[in-house]
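Using the hints, position chains U, H and F against chain V.
4 protein chains.
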Amino acid sequence: MPGNSFGQLFRVTTFGVSHGIAIGCVIDGCPAGLPLDIDLIQKELDRRRPGQSKLTTARQEADRVELLSGTFEGQTTGDPITLLIRNKDARSTDYSHLEKAYRPGHADLTYELKYGLRDHRGGGRASARETAARVAAGAVAKQLLAHAGVSIQAYVQQVGPVHLEKPYHQLDLRQIDSNAVRCPDSDTAHRMQAAIEAVRDQGDTLGGTIQCVAQRVPAGLGEPVFDKLQAELARAMMSLPATKGFEYGDGFAAAQHKGSDLEDPFQHEEGQFRSTYNRAGGILGGISTGEDIYFRVAFKPVSTRLQPREGMTKEGESVTLPAKGRHDPCVVPRAVPIVEAMTALVLADHYLRQRSARI
Amino acid sequence: MPGNSFGQLFRVTTFGVSHGIAIGCVIDGCPAGLPLDIDLIQKELDRRRPGQSKLTTARQEADRVELLSGTFEGQTTGDPITLLIRNKDARSTDYSHLEKAYRPGHADLTYELKYGLRDHRGGGRASARETAARVAAGAVAKQLLAHAGVSIQAYVQQVGPVHLEKPYHQLDLRQIDSNAVRCPDSDTAHRMQAAIEAVRDQGDTLGGTIQCVAQRVPAGLGEPVFDKLQAELARAMMSLPATKGFEYGDGFAAAQHKGSDLEDPFQHEEGQFRSTYNRAGGILGGISTGEDIYFRVAFKPVSTRLQPREGMTKEGESVTLPAKGRHDPCVVPRAVPIVEAMTALVLADHYLRQRSARI
Amino acid sequence: MPGNSFGQLFRVTTFGVSHGIAIGCVIDGCPAGLPLDIDLIQKELDRRRPGQSKLTTARQEADRVELLSGTFEGQTTGDPITLLIRNKDARSTDYSHLEKAYRPGHADLTYELKYGLRDHRGGGRASARETAARVAAGAVAKQLLAHAGVSIQAYVQQVGPVHLEKPYHQLDLRQIDSNAVRCPDSDTAHRMQAAIEAVRDQGDTLGGTIQCVAQRVPAGLGEPVFDKLQAELARAMMSLPATKGFEYGDGFAAAQHKGSDLEDPFQHEEGQFRSTYNRAGGILGGISTGEDIYFRVAFKPVSTRLQPREGMTKEGESVTLPAKGRHDPCVVPRAVPIVEAMTALVLADHYLRQRSARI
Amino acid sequence: MPGNSFGQLFRVTTFGVSHGIAIGCVIDGCPAGLPLDIDLIQKELDRRRPGQSKLTTARQEADRVELLSGTFEGQTTGDPITLLIRNKDARSTDYSHLEKAYRPGHADLTYELKYGLRDHRGGGRASARETAARVAAGAVAKQLLAHAGVSIQAYVQQVGPVHLEKPYHQLDLRQIDSNAVRCPDSDTAHRMQAAIEAVRDQGDTLGGTIQCVAQRVPAGLGEPVFDKLQAELARAMMSLPATKGFEYGDGFAAAQHKGSDLEDPFQHEEGQFRSTYNRAGGILGGISTGEDIYFRVAFKPVSTRLQPREGMTKEGESVTLPAKGRHDPCVVPRAVPIVEAMTALVLADHYLRQRSARI
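Protein chains in written order, with the working numbering: chain V, 1 to 359; chain U, 1 to 359; chain H, 1 to 359; chain F, 1 to 359.
So that you can see chain V by itself, here it is in the shape it has in the complex (with noise of 0.2 Å):
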């Protein structure tokens, strides 16, 4: 299959590229019968689109999210779900000084050594922008899942050296959104937005942590051997744009440690099994236990900013790129609800998928 597709039996299709005429997705698989309330892809919209303060790009896109099929009088029918966005403020003529030179960081370079051209305006599906589409199509997800009782919360950890150390169950996620770093706890996200600001006005950029917790997701999601639902996370969440790490439970931690250390035996409440501290990350053997998954991404900071660069032409000359181009200092506040969208997207596919578990 080609690379565009992403899950099995929910399975969404994005497409579209930043300086063209629209993005979008299209969701085939979603089950008959769910209520779908529109407000809420553009609500989901609305967290993830550039413009939302000063610590993100200049760009401004309504973002606007149309319905183009999928739903009878408000509910799924069955059929594949439809979701546009036409672009809006793609100022091309940014970027013309990207025609015939590779920035060092991104992928002009690879998509041209892979397709045999490129569409150089704004990174083309390599863009950041992409992710919209992701994001209405995990707003769809969320809301069967929410049918099924999950939820996801996706925080800031972690930017640049200012790092949350509180663990998830310290902290009020009803929180994330009370500030434009998307940190719950308020002093750490304080000396984020300064240490956001103080790289901006550098013209710098700088990398951070999500932290992402899914509760209430059924027990025995996730299918062996493959497609465990560790593997389907990490798969997920290193397809977003500027990742380079995920680690689930005690992650890399884990590696120092001895088996004595980590042990973690289960107890017995209310009929259901739960293990003392959830280290496993609420999945052992690549099946979901039914306590809290919670894992953790790594972002880089985004190679473009507004400092001049030196980039290599196709004839391998080096050439000075402008500093210009509109892009946040820090990507990782608005990749939270893209980190979560794409939760959702795993495991409305796998709460789909263990339909067929059992006889």
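Everything labelled a hint here was simulated from the structure, so no lab data went into it.
Certain hints may be false.
Since copy identity is lost for identical chains, a pair holds within one copy or between any two.
[Said to hold, decoys possible] Think about it this way: if two alpha-carbon atoms lie no more than 20 Å apart in a straight line, the pair counts; the simulated SDA-like pairs of lysine to any residue are:
no. : residue 1 : residue 2
1   : K314      : P218
2   : K88       : E66
3   : K314      : R355
4   : K43       : K88
5   : K100      : T71
6   : K314      : Q267
Keep in mind it's a predicted model, so treat the numbers as computed, not measured.
Okay, now just chains U, H and F, sitting in the frame of chain V:
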């Protein structure tokens, strides 16, 4: 699709459990005309099999691979390739104490939550024994890739607190298999070995990390936007038993940095573009650059130890699990050929997928 | 996978319903570098659209196709190609009488049995209008195939009792579009036209068959053992509305014969093998021989007629359905470009799949 | 995906060639908790195997099936089910005359055109022997379907000029296996048998048709718009060796008729909708109605005969092929369990797919 297949065009399906009759795999999509060396497959299985040194489980498995189909006069025919490994030393009675108890940190509970029943002998499909089939399949993929000039080498970078600081390009990767821990730096290897022996003597286990490097990978591999090369590698690694994290290139460290810290301008040498530092890990925009691909995988210490542990019955009663079973004190050295195999499966698949990128 | 996608490497997903906002398709996997002529897409849609002659439904649809993504400066980029067709003349009120009644011979009942609800306006996804998206996608596939030298031509071979006996190689296939019934033999075409007008005047409908011929198909296409070329063609044809049968080469007639009757020895001409009579229909063992591929598809008369008919309510009460709705008295002529489109989708897909057959 | 797998959720991969070590299949996606009766699998293989009567090839194959994985204590576990059949009576030397010659009507030439090489012994994957693996897999699917109440029965309807006119509902389908030709009408069976014996005595072969009926199929199976149930059945049947045509319900005959001739109003009985005549063949709009599904498959006479035939060398020289090889004079009776098996694979897959149709 169910979860026991991997790859789109070079597609592997594995089958069998630890304590059943056999394990094995079917590879569908290996191109015709590849001379297939069965000895190279056996050699990779020998690298993975237990009983190689006192650092590994006492379980003895000859793990002789049998080629049931897919070649004619030594060459692949384009038909499915079937590789079978009969189980020999499967002492199921060792596991009778698990019939009614769930081990913490294992998949006992989740398999039963998912499927309504489970094969309690040795972990069933959740056993690391399943990875032998992956190694066999990977050995075929390696031969296809060798034909294209690609090499893949993994090594142990960390064992518990012992960490090899040198980057891979300062190491002699030919030394990987020269010691039992599969660390190419002999000083570090000794310290790792000592660390493993220490926990083994306590009946404990130890985690660690593996670094993997793929060299001479053709530029252009990876399929935007969901099947980016790093997404596929992450999925592959996170589908392995005991893995907890994945990072490539700068990885999690990138999250702490400013964009200007990670500047990595292109250079042009002998008609090829290359990055000055290859911070990206050989992948830009999800597509291989032609430079070295490198990534790191975290393994937890396995939960089974030669220490009494607390399990739980189906009825929710705590039970003490006896200190028995045959397991490695540190699985990371034996995971080296497994990581290589999964890398080979990803690259072989994308090597074929790339053939449709252009008219 | 859900059912609204077709193809493995050249993969089309269609969306939209007869009486919704729009229909369309996303093509993922079209190789980069193909000059894409949007006028050729429009031309195929014009061949399919209603209102072309007095033999077709009175419904008027301009069916203007809009290219939303997938090209840059006139060439495909390897990104998903999105084609959108807005619905214009959708008189939903025509269908209000169907809100509570199931028509015999239609999908009204089964959609509701499957999904628990249905869009009763004009048949929803079961409407032949969905095939416009297939035609648009097929027109892209045709351009890819034309690049490889392949041509595909279908024509009406039978309309009710009127049957064209001459084999395709005795016909001038350039005459197919020269008449309203799309039969390249003008005498037969006149008789077919008369037959259709006769049933139209009675408010009745008529079935028929289409013969399709694909020429200059490269040898080697088709994937044993399940995705044999004839299996894929059969699936493609039987997924069209109103089709009831498929046969290729000698077809059903072969069942009556002895092997010695159908002897078809190879000949060797200009370095190519060819069969003396090509009884096999250009496919042996599921793989194209390089000779003409030909097959035949049967269409039933559509069930909707301008005659009162007996329907049934959800409660199981018989109701008389009024003699209205806008439908073709014989859909077979308009199905010609649809059959060609589906043939193109199959061949384009296998043209790409064949690229992985050898090292 | 490569071509050796069938089904989306109940997914079968077959492997092995006629003259290799073994053939077999892996079934991924069979739900857990199904009591699996290995004897029923063997019984279906016994129905298919050669050497049962003087009407079939003299080749003797015990065809003992071995269950390598997928059950625990007699029940499916949700793990892949592996079924292996070792080849016994494989006289490869019988085929040495084919090393350099292509037989007309066989896949010898096309395999070589596709893959660049071929296993010339007995047809390789193109041999009907591969269908034994399909029968084994189908026998598992039948058990899953039996659990849902579904039964599948096929019978020989035509052998060369001898045709059984009675529709299936006037026959006693329990008599299918009561005679060597598998025709439930004993008079017709005798005439068929005589026809086969006559061609056998001439060293010739004969074609025929099979009718298949699936009863008590749940309503709602089939996935619009490409994976309609008849499309999947057509693909399944046309993937079998020697098939040339498929039709369901009224089939090709519908092409000759007016819509008013085929009127088939609903009736309502015991809370169920049913069609008065079930002309549709149990499928409307690609979705099962809950009524009997019936269809017909055409088989050509196999090209291999006990008569000298003209082949061709790679160099394009005509050669006379000796009158040898072991083949059935009419493969249609032995194809009955194969048609049933493929039907079972389609229905089992859609039985599971339907589980995701509604929230």
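For each hint, the structure was consulted:
For the identical chains of this complex, K314 and P218 are inter-copy neighbours only, at 18 Å across copies versus 52 Å inside a copy, given an alpha-carbon limit of 20 Å. Taking the closest pair of Cα atoms, K88 and E66 come within 20 Å of each other both inside a single copy (14 Å) and across two copies (17 Å). In this homomeric assembly, K314 and R355 never come within 20 Å of each other (Cα to Cα): the closest approach is 51 Å inside a single copy and 23 Å across copies. When the C-alpha separation of K43 and K88 is checked against a cutoff of 20 Å, the pair qualifies only within one copy, where the shortest distance is 18 Å, while the shortest distance between copies is 30 Å.
Only between protomers do K100 and T71 lie at most 20 Å apart by alpha-carbon distance; the minimum there is 18 Å, versus 45 Å within a single protomer. Taking the shortest alpha-carbon separations for K314 and Q267, only the inter-copy value of 11 Å comes in at or below 20 Å, while the best intra-copy value is 62 Å.
The structure fails to meet hint 3 from the earlier list, while all remaining hints are met.
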